[in-house]
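Using the supplied hints, reconstruct the complex from the two chains, each of which is provided in its own coordinate frame.
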Amino acid sequence: MCGFSAGVLQVVPLVKSFSCCLLLPLSAFIALILEQKSTNDFDIISAKKAVMIGLFTGLFAAFFGSCFEILITFITKQNDIIITFPELQKMVEKFPVTEDIKKEVLYLFQNVRNDILDKGFSWMYTFSLIVNDFFIDILFGITGGLIGSQIINRRINNSKYN
Amino acid sequence: MKIRVTISILLAIWCIGFFFEWLIPLNEKLLTLLPFLHQTYSLVCHQEKVKLITSNRFESLVCSRCAGIYIGLLAGSFLSIFKIPHKNPNIKVLLVCIVIMLMDIAAYSVGIYHYSKLVAFITGFLLGSVAFSYFYNGLIQLLIEIRKPRSN
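First to last, the sequence lines map onto chains A and B. Counting in the numbering used here, the first sequence runs from 1 upward without gaps. Counting in the numbering used here, the second sequence runs from 1 upward without gaps.
These are computed hints drawn from the structure, not numbers from a lab. Be careful, since some hints might not be right.
[As the list claims (entries may be wrong)] If we take Cβ atoms under 8 Å as the criterion, some of the chain B residues that face chain A in the derived model are:
hint, residue
1, C45
2, L118
3, L139
Since we're looking at a predicted model, the values are computed, not measured. From the three backbone atoms N, C-alpha and C, an ideal C-beta is built for every residue, glycine too.
Just chain B, same shape as in the assembly (with noise of 0.2 Å):
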């Protein structure tokens, strides 16, 4: 229980981080640390304009596919507090995911249609989701191992 609320809280801080501009009304001298934000967040997202998550003049640090991936990290990680993720977790699921957020990007990049936040967002938040319980799984295998006393 203890590491997945841990886990929750590090996602959520993440997740708060590239919503950073809102909350810089809140006290303005948090606008010191934007640029040092934008410069961390630019390591794993493009932060291409048209992409980003935008409302109240404000925009998010990364694109909409990366923060629904976030965000359904976040989702996974929170539902795991009251629901431990499966042991096996199904890989033909992590597979569909994966091949929709493909399809997605392939579909606007050759303009069949043009780039959508929403579906960006939502085809991040599914492989968000379904990856947290294979991290979290990894994790817990890290944890056995490190507890387990070496045999000789």
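Extracted from the complex, chain A is given alone in its bound form (with noise of 0.2 Å):
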């Protein structure tokens, strides 16, 4: 649950700006109270359980956020770099690099985005877009998942000998 509303808030226009660095390690954390929760196992959280905790959120978020993404570009024939090109193109022409290098980058960006503008799809757009979603997901999945179980120790510790 927490995977798919993580992977939601990455997708949704305007939700998606409020997005941030602390949005999946946070999902984590709930994901672990959540399961605390539903067990009704309030004991010391195991790091192993932390991190496959982690990782189901980072996965879930992951192929919830990708499969929107992919399927609101099919759709609408719109997404972020297509958006964004005229702000790329300008990005790129303030580096001071040769003009081939700036030609080659802008070449291969204008043939992802006439991809998606003609057919909504996007092979290369598509390849990174899993590539990304997955690792970066599952990363911050696990590492919100270990910080977070150790918060929850903490607390039960601290509620134990107090």
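Right under this line is the structure:
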């Protein structure tokens, strides 16, 4: 559920502008709390369990995030690449590099942009999106799981000894 | 020691990644990687233009607050090489850092003051540096659990 929510929050226009590096770790943390409540097990959380919950939160976020992004791009034939393309052109122009390199980069993105505008789908964009989503979401999910378990365990220890 | 150095190196690579634009003049072919990295960091930051760290025409790939969090984590990891993080860090310190950061977000959101990159960076840095000890302890606990022989 937390992974799904994080995946949606990463994709939905406007909402995603609030996304932050804390979104996925926070989702993993909430997933740990929900797991404790659903199993009624309020004992110390093992690091292995925290990693597994973080991993699955990241996996779900990446899966739903990628699926929604690909679907929205396919239906609307619009996405961040199309919207930010003029900005990308300006950005590339500011670098003190040769014209050939600039042309090469812009040509690459022009192809992706044209594919999306024509068909609503680009193999290169989809591939980079999936690789990015899965790598980053899983990494941040696991990190959130580890940090979250430490915070929850500290709270449990504090309440035990107080 | 090995694990703390490894974490520091990985975090340093991640931090260099969001200052990637500054590296492009060193090797112009790096420019081809920039859009890909832009997409990578967009997953973990809104990348609002006014909130990015800028210098010498170049912009960071994450906002000031996110940069602060990551550099805070990096600073925590560097310190951990010389001094092992406390096994039971005080949770109140973490809560105070979270509250300070949330207060900054709330204050500029309701218009008490304008967004400040420096304040955002510092609040992020505080949270990142404190959060590192939790991450490190979690990782150590994980390694202990993996290495521990299974009891029947």
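So, going through the hints one by one against the coordinates:
At its closest, the beta carbon of C45 of chain B sits 6 Å from a beta carbon of chain A; the interface hint therefore holds under the 8 Å criterion. Interface restraint check for L118 of chain B: the shortest CB-CB distance to chain A comes to about 18 Å, outside 8 Å, so the restraint is violated. Interface restraint check: L139 of chain B against chain A, minimum CB-CB distance 6 Å, threshold 8 Å, status holds.
Checked against the numbered hints above, the structure breaks only hint 2 and satisfies the rest.
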